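**Q** Residues per chain are reported as follows:
There are 2 protein chains.
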Amino acid sequence: MNVVDVDVPGGRYPIRIAPGRLDALDEAIPADATAIGLVTNPTVGALYAERAERALARAGRRVLRIELPDGEAHKDWQTLNQIFDALLANGFDRRSVLVALGGGVIGDMTGFAAAVFMRGIRFVQVPTTLLAQVDSSVGGKTGVNHPLGKNMIGAFHQPVAVEIDTDVLGTLPAREVSAGLAEVIKYGMIMDPAFWAWCEENAAALRALEPAAIAHAIQVSCESKARVVAQDEREGGLRAILNLGHTFGHAIESGLGYGAWLHGEAVGCGMVQAAELSAEVAGFPAADVARVRALVAAIGCPTVAPDLGAQHWMDLMRVDKKAEGGEIRFVLTPRIGEALTRKAPEDAVLRVLARTVGPV
Amino acid sequence: MNVVDVDVPGGRYPIRIAPGRLDALDEAIPADATAIGLVTNPTVGALYAERAERALARAGRRVLRIELPDGEAHKDWQTLNQIFDALLANGFDRRSVLVALGGGVIGDMTGFAAAVFMRGIRFVQVPTTLLAQVDSSVGGKTGVNHPLGKNMIGAFHQPVAVEIDTDVLGTLPAREVSAGLAEVIKYGMIMDPAFWAWCEENAAALRALEPAAIAHAIQVSCESKARVVAQDEREGGLRAILNLGHTFGHAIESGLGYGAWLHGEAVGCGMVQAAELSAEVAGFPAADVARVRALVAAIGCPTVAPDLGAQHWMDLMRVDKKAEGGEIRFVLTPRIGEALTRKAPEDAVLRVLARTVGPV
Chain A
1 MNVVDVDVPG GRYPIRIAPG RLDALDEAIP ADATAIGLVT NPTVGALYAE RAERALARAG
61 RRVLRIELPD GEAHKDWQTL NQIFDALLAN GFDRRSVLVA LGGGVIGDMT GFAAAVFMRG
121 IRFVQVPTTL LAQVDSSVGG KTGVNHPLGK NMIGAFHQPV AVEIDTDVLG TLPAREVSAG
181 LAEVIKYGMI MDPAFWAWCE ENAAALRALE PAAIAHAIQV SCESKARVVA QDEREGGLRA
241 ILNLGHTFGH AIESGLGYGA WLHGEAVGCG MVQAAELSAE VAGFPAADVA RVRALVAAIG
301 CPTVAPDLGA QHWMDLMRVD KKAEGGEIRF VLTPRIGEAL TRKAPEDAVL RVLARTVGPV
Chain B
1 MNVVDVDVPG GRYPIRIAPG RLDALDEAIP ADATAIGLVT NPTVGALYAE RAERALARAG
61 RRVLRIELPD GEAHKDWQTL NQIFDALLAN GFDRRSVLVA LGGGVIGDMT GFAAAVFMRG
121 IRFVQVPTTL LAQVDSSVGG KTGVNHPLGK NMIGAFHQPV AVEIDTDVLG TLPAREVSAG
181 LAEVIKYGMI MDPAFWAWCE ENAAALRALE PAAIAHAIQV SCESKARVVA QDEREGGLRA
241 ILNLGHTFGH AIESGLGYGA WLHGEAVGCG MVQAAELSAE VAGFPAADVA RVRALVAAIG
301 CPTVAPDLGA QHWMDLMRVD KKAEGGEIRF VLTPRIGEAL TRKAPEDAVL RVLARTVGPV
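Quick mapping for you: the protein sequence lines, in order, are chains A and B. Straight run, no breaks: the first sequence in UniProt numbering ends on number 360. Straight run, no breaks: the second sequence in UniProt numbering ends on number 360.
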């Protein structure tokens, strides 16, 4: 079993990574828990909820399954309220524990419900997508969407444990595996050249979900994110480097309509564009741009961006959270394994767009 | 000006107590604030919002007034959402600041909105009732009600400053002054015999809102609560003594229907009953029971409890949050200035009820 201990203000929690963790979920339940709420969606629930319940039942507490509708469109207060209704109707108290069994949407909503139910109860993350495993396991971000903005209502709330069963990735669509791997290689590109090289050597094994390779990739990703977050819990500055590829990526998602590309696919393509921009303004070697393009392709993500029109591209990137006073800040890499944030001249960005868009 | 500095995890904030603080609210706005949301209700807003806005305008930031419907019945998610709608429609960001101008309901909702808007922004409390000034200024509790329970959804979120203008108490109905004073004398009874004696000497001045007396009473109350909360931020044990009179009091509020008696009135009467019970089972001197009854009367609160029927009384007290496995825990005082929590035998409770209820 691979274990990452994450230090957070006021404590630490373990991320346990291994095949079959789903059958050992009782190990994550605190000794003084009074009841367990298992939050999932119909898709993941049909596949894994019964196994999770069997394992949780061994903790000797009542287990209540709470099934929420599937998808980002339901990540709102109305759906969240279904959790509160179920907890209160069933007499859950301050010492009860929630378990989030699902991808990022289930994790974000369950975590936020735990953050505000009776002013805060404990929760366990059981992420079932690769993206959630490498991204949501660390950082404590929870929340729901508001009609006027994504993730506008939320809290920082840390889990008591994260249980990552690498076997469940077997039922994940191949596109979602590739999208998750984009966030994995990102850690190499921003802070770990050795891990980047390892990803280049093991791209095929990662796409094939070879157990040792995927467990190692998840572990390094979680460790890397934990190192960044420990230095910047509330997003002052350093944490921004985690957004490598995201300024271009968000423009792709928004420009094509959310859902056309998976978030990770857009980030993968955005990393190619960020590499090109880094070559323009931050001295990133041309040979390394080719390596980035090759690895993004090797993990199965697109490397050619959609042609949204140069002006529309610029407008979309300017509304990104990282824009300040109309100027766009990008995460750039002077070399593989090193990142910084910087504004870039518009003509350089336009040259990058000209080089990276095409028919998709 | 009286100032209480409250230490909280990760920092400290000031409670400033003086006549006219409403005209100096700009002093509470952090230097890097981008915009100010002034949250109030129609009653308080009609009296004080323009003065508050004039003062806040001197901070040089845009001030947006957000008026919520008045009363506990509107302390819910729908009303809270009016704050989010207004903030997002007006482009408020992570560095904006909320100001809560009103009583406990406005303070709880504004504090919770600040706790979860963009995962947490800063807020300033400007409590306009005596109860909110002595009770909500310290402790960081924020939240809204759920149809299945009061304050079930919430967070611990500390203000950056509390501004208490003692002049605004002049427009408070006399009953609400008396109700607030019940929470004031409570601090003397649980932890400060000298302050108790001072309250006995100054009861008339307090009811008359004599400026120096009321400022001193607010200061000592806030300091006392801060001392308790500092030792027990998350309500493990010690903090329970703040609930002196509340087990009896909640039964009164619930038995008569919420709103028939003010919360503070019920707590005042409940303190007389807690004194009687302390005499039964904790060695509280009979002479001091008479002092408690006299001071509760002197501040204008009822000292005779409603006759709800002994069995109904017991049932109502058993559903109190402090009941465990059907046994009722009470906050008791072995002497004035000292408190503990303990289960009490049912026959002693019944004797107290027989002695303290009557026609009201």
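Simulated from the structure, these hints should not be mistaken for lab results. The reader is advised that the hints may include incorrect statements.
To be verified - With a straight-line Cα cutoff of 20 Å, these simulated SDA-like cross-link-like pairs (lysine to any residue) come out:
id, chain 1, residue 1, chain 2, residue 2
1, B, K150, A, R65
2, A, K150, B, N81
3, A, K141, A, R58
To be verified - Which residues of chain A face chain B? A few of them, derived with a C-beta cut under 8 Å, are:
id, residue
4, A89
5, G154
6, A155
7, F156
8, V160
9, W198
Model, not experiment: these values are computed from the prediction. Note that CB positions come from ideal geometry on N, CA and C, so glycine has one too.
**Q** Next step is simple, just say for each hint if it's right about the structure.
**A** Comparing the hints with the structure gives:
1. B:K150 <-> A:R65: The given pair, whose Cα atoms are some 24 Å apart, is violated under the 20 Å limit.
2. A:K150 <-> B:N81: Roughly 15 Å separates the two Cα atoms, so the pair holds.
3. A:K141 <-> A:R58: violated (29 Å)
4. A89: holds (7 Å)
5. G154: With a closest approach of 5 Å, the A:G154 hint holds.
6. A155: holds (6 Å)
7. F156: At about 6 Å, which falls below the 8 Å cut-off, the nearest Cβ of chain B leaves the hint on A:F156 intact, so it holds.
8. V160: violated (15 Å)
9. W198: violated (34 Å)
The structure shown violates the earlier hints numbered 1, 3, 8 and 9.
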